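There are 2 protein chains.
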Amino acid sequence: MEKIILASSSLRRKRILESLNIPFKSVSPEIDEKTAFTKNIELSVKKCAELKVKSVMENNKAKWIAGFDTVVELKNEILGKPRNRYEAKTMLKKLSGVTHKVHTGVSLACSYKISTDICTTFVTFNKMTEKEIEFYLNTGEWNGVAGAYRIQERGSFYVNSIKGSYSNVVGLPISLFYVMLCRYNFPINSI
Amino acid sequence: MEKIILASSSLRRKRILESLNIPFKSVSPEIDEKTAFTKNIELSVKKCAELKVKSVMENNKAKWIAGFDTVVELKNEILGKPRNRYEAKTMLKKLSGVTHKVHTGVSLACSYKISTDICTTFVTFNKMTEKEIEFYLNTGEWNGVAGAYRIQERGSFYVNSIKGSYSNVVGLPISLFYVMLCRYNFPINSI
Chain A
1 MEKIILASSS
11 LRRKRILESL
21 NIPFKSVSPE
31 IDEKTAFTKN
41 IELSVKKCAE
51 LKVKSVMENN
61 KAKWIAGFDT
71 VVELKNEILG
81 KPRNRYEAKT
91 MLKKLSGVTH
101 KVHTGVSLAC
111 SYKISTDICT
121 TFVTFNKMTE
131 KEIEFYLNTG
141 EWNGVAGAYR
151 IQERGSFYVN
161 SIKGSYSNVV
171 GLPISLFYVM
181 LCRYNFPINS
191 I
Chain B
1 MEKIILASSS
11 LRRKRILESL
21 NIPFKSVSPE
31 IDEKTAFTKN
41 IELSVKKCAE
51 LKVKSVMENN
61 KAKWIAGFDT
71 VVELKNEILG
81 KPRNRYEAKT
91 MLKKLSGVTH
101 KVHTGVSLAC
111 SYKISTDICT
121 TFVTFNKMTE
131 KEIEFYLNTG
141 EWNGVAGAYR
151 IQERGSFYVN
161 SIKGSYSNVV
171 GLPISLFYVM
181 LCRYNFPINS
191 I
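Protein sequences appear in the order of chains A and B.
Numbers 1 to 191, taken from this note's numbering, label the letters of the first sequence in order.
Numbers 1 to 191, taken from this note's numbering, label the letters of the second sequence in order.
If you're looking for bench data, these hints aren't it; they were derived computationally from the structure.
These figures come from a predicted structure and were not determined experimentally.
Keep in mind that a hint or two might mislead.
Listed below are the simulated PhoX-like cross-link pairs for lysine-lysine, each with C-alpha atoms no more than 20 Å apart in a straight line [claimed, not checked]:
#1 B:K113 <-> B:K63
#2 A:K101 <-> B:K163
#3 A:K163 <-> B:K113
#4 A:K127 <-> B:K163
#5 A:K163 <-> B:K101
Partial chain B-side listing against chain A, Cβ under 8 Å, derived [as the list claims (entries may be wrong)]:
#6 N40
#7 S44
#8 F135
#9 E153
#10 F157
#11 N160
#12 G164
#13 S165
#14 Y178
#15 N185
#16 N189
Glycine included, C-beta positions come from ideal geometry on N, C-alpha and C.
Model the full structure from these sequences, guided by the hints.
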């Protein structure tokens, strides 16, 4: 069975590929994400996903390599990973009661030919009270995630609705990735 | 810590409550779902969720009891659990390339006071080829689920986008359930 090299060490991306029965091996890319970022957010996440694939490709002769980069955008501002509880609180206050976007750049190399695309999901939060924000901060879920919430855990309490792909918000837009794999004739029918 | 009685034996609902850290005990309700169903689909799922709660309430003095009922609707027709591969194939062909609705009725009893609501999500499938339908039927995921697909597994390959609550499609609309718990002052802040 053909294996995909996942150019990511993200646990949630590994969990998604496992749930889909897609054979993979995870390899951490070595890139400076800052070099990918420009004023155009959508171009930047695509570039970043592609850099991850290229970084792994340098030391790996695998046929299939996939890279992903996910960012949370609110009114043209990127909400990264909060460095502390105070930053997480500021982000949650911004997200409360409004709609933001989550973009994931998807880059797939097949025999050194690279194809890259982007998936965007709109996420609408309910209005959060001060007490709810404090409760959520206490869960610690904000730690290590862009936008300071995890939709796959208790962050979902406050997500009123989404429009687009759910798995994109978790970090790997399944349907787009599937279409890209099919386009390159990945033997999906034998997984 | 207060525990909720989940009037359901659905594994996916249990997994959702676990992921949210909500303490619960699962009890199978004994109802004849057919008695709840009328021409009005939305009223029917609410009634069915409520009947599940009432059924468990008869033999259980717990303060908190929650019941859920999920159906897949396509053009005023309910797609139930396929009884065999042929029925599953017919359903997948109907879902291919179009948008359908998933409704979940949510019923919550707090000290014998019952409140019931409904959540609806729109799910849009990509057009599936004959080969894709055969592949998906071979995964066996269609077995035992309304609409013959599991969005949380490989059914996600074909889901182009959703509008509304994702967890609703899995069987338990988290945000609505959370709001109902808060309304009854469930001690969510101490979970």
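What hints, given by number in increasing order, does this structure fail? The structure conflicts with hints 3, 6, 7 and 15, although it agrees with all the remaining ones.
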